[in-house]
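Here the sequence shown is numbered in our numbering, starting from 17 and rising by one per residue.
None of these hints come from the bench; they were simulated from the model. The hints are all genuine.
Quick list of simulated restraints, FRET-style, between CB atoms: (1) GLU153 / PRO81: 16 to 26 Å; (2) PRO100 / ARG128: 15 to 25 Å; (3) GLU204 / PHE166: 23 to 33 Å; (4) LEU152 / PHE180: 19 to 29 Å; (5) PRO179 / LEU152: 19 to 29 Å; (6) LYS183 / LYS132: 35 to 45 Å; (7) VAL209 / PHE180: 15 to 25 Å.
Cross-link-like lysine-lysine pairs, in silico, DSS-like; alpha carbons within 25 Å at most: (8) LYS102 / LYS90; (9) LYS102 / LYS125; (10) LYS181 / LYS170; (11) LYS90 / LYS125; (12) LYS90 / LYS132; (13) LYS134 / LYS170.
Predicted, not measured: the structure shown is a model, and the values here were computed from it. Beta carbons: idealized from backbone N, C-alpha and C, even for Gly.
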Amino acid sequence: MAKLAERDQITEAEEHCFYMTQHVATLPYRAPELLFVMPEHSTAVDIWATGCIFAEMILRRELFPGRSVSGQIKIVVATMGTPPEKFIELIACERTRRLLESFGETQAKEWREILKCKATSEAEDLMAHMARLDPLERITVERALSHPYFRGFKYPMNEKTCPFKVKMDMAAVESLSHEELNEFLASEVPTFV
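All chains, please: the whole structure from these sequences, using the hints.
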């Protein structure tokens with residue numbers, strides 16, 4: 017009975033972990049740290065998602081077309097290879113670690129192969145820097161915009177950078193009604209035009 021209760025607690029906790037990540041990003045663009053239910057994530061999740069969209073523009077299809085969390089993890093690992101042990105140790109949910117172990121050791125594919133030779137070497141290199149399993153190894157927004165791929169598109173005089181870091185009180189945001197949130201967003205739009 018104690019074993020069953022323990023199993024139920026783990027399952028409930030893991031379901032809560034998965035539930036919390038469901039609302040952060042759409043499945044095909046969800047970064048590994050969200051898929052693998054890691055305790056922390058940063059703006060690196062946006063770099064991963066942008067990389068997925070960039071690849072989708074090249075391939076004319078989703079890069080990681082999983083239809084469930086476990087299916088998405090399987091596709092990401094089959095493409096990107098088995099995460100390093102130091103990465104796996106940070107995964108909060110035991111079920112996710114077991115799932116990763118069940119795939120065995122998988123080697124990462126080359127971006128030339130992944131993008132089906134439809135991209136320039138600069139595009140392949142940018143993808144290799146945007147879609148790193150380890151978020152600490154992913155390229156930053158500033159470095160991505162300075163990447164050689166964007167050489168012909170970059171006009172520094174027309175670029176604006178926010179002079180401060182934006183911090184949001186998510187508890188306050190979640191307490192807003194749908195109408196209040198719409199009003200707030202509508203009032204903010206003119207600041208960015």
